[in-house]
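> Given these sequences and hints, build the entire structure.
Position one of the sequence shown corresponds to residue 1 (the working numbering), numbered consecutively onward.
Just so you know, the hints here were simulated from the structure itself, not pulled from any lab data.
Here the structure is a predicted model, which is why all the values come from computation and not from measurement.
Careful, some of the hints might be misleading.
[What the hints assert, rightly or not] Here are the computed lysine to aspartate or glutamate pairs in the EDC-like style, where the Cα-Cα straight-line distance is at most 20 Å:
no.	residue 1	residue 2
1	Lys189	Asp138
2	Lys2	Glu113
3	Lys251	Glu113
[Said to hold, decoys possible] Cβ pair distances, simulated, as ranges:
no.	residue 1	residue 2	range
4	Leu240	Pro42	26 to 34 Å
5	Gly37	His107	46 to 54 Å
6	Asp110	Met1	23 to 31 Å
7	Val172	Leu26	29 to 37 Å
Backbone N, C-alpha and C define an ideal beta-carbon position, used for all residues, glycine too.
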Amino acid sequence: MKAILLTIGDFPVRSYGLVVALAIVLAVGVASYMSRGTAYRPHILNLALYAVVGGLLGARLWEVLFFQWDYYSRHPGEVLAIWEGGVSIQGALVGGWAAALWYARRHKLDFWELSDVVAPALVFGQGIGRIACLLNGDAYGSPTGSGFGLVYPPGTAAYAAYGSQPLWPAEVWEGQWDMIVFGLLLMLKNRPWPKGFIFLAYAILYSVGRFFLEFLRGDSPRYLFDWTAAQWTSAVILVLALAALAVRLGKGRRKAGVADGT
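What follows is the structure in structure tokens.
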């Protein structure tokens with residue numbers, strides 16, 4: 001765990017920003033690979049630029065408004081200090097999704113097909129991005145109450161909150177869950193599905209994993225039902241994704257029935 005990897009002159013190279021940049025590059029590479037042989041291949045780089053901007057804006061706004069409003073309302077000068085960490089993956093997904101929707105409509109692309117192509121890349125990038133949280137000492141878990149867990153060094157937010165207590169490796173397990181979802185999506189792509197199925201499967205699988213892992217988190221305020229903001233976001237996304245999936249599957253069955261003449 002090392003928040004600052006090295007210093008070039010007076011400029012600190014922060015592990016958080018470096019790993020997030022690496023996650024974006026790798027995610028774009030995966031999306032480019034997944035789009036080979038499709039009409040979406042020429043759009044991947046341009047789409048990525050819009051999605052990154054939308055994702056960064058959404059990630060910061062989500063963190064400030066829903067996760068740490070109590071802190072940032074008292075320290076407004078730090079709202080723009082995104083290089084020090086403090087972004088929400090869920091906010092990044094919402095912002096990136098909105099940017100992708102706008103891009104697809106502007107270029108008259110099938111949004112659901114495009115989403116299916118890039119969904120594996122999204123969750124792959126999320127898995128890499130969680131390494132940034134580990135190195136930065138944020139997105140940490142609550143105390144395990146035993147000898148098992150991560151012990152964060154002084155200088156990290158986790159140490160400031162809990163000292164040398166072993167904490168649940170919430171961010172590590174989430175990154176591993178992301179990679180499991182990535183593998184599942186690759187397997188699902190080997191079968192024909194209605195448009196949007198892969199993307200909605202990603203939204204459902206990620207939301208379920210995130211919801212339960214949030215019970216281990218120790219860095220987020222809790223609200224109704226003792227749920228964190230991330231749990232409420234996951235629950236809303238899960239309901240919306242399940243409803244959209246039911247609609248997409250229903251349309252797929254109707255099209256299959258018409259094709260069969262039934």
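> Going through the earlier hints one by one, which of them does the structure break, listed in rising order?
1, 2, 5, 6, 7
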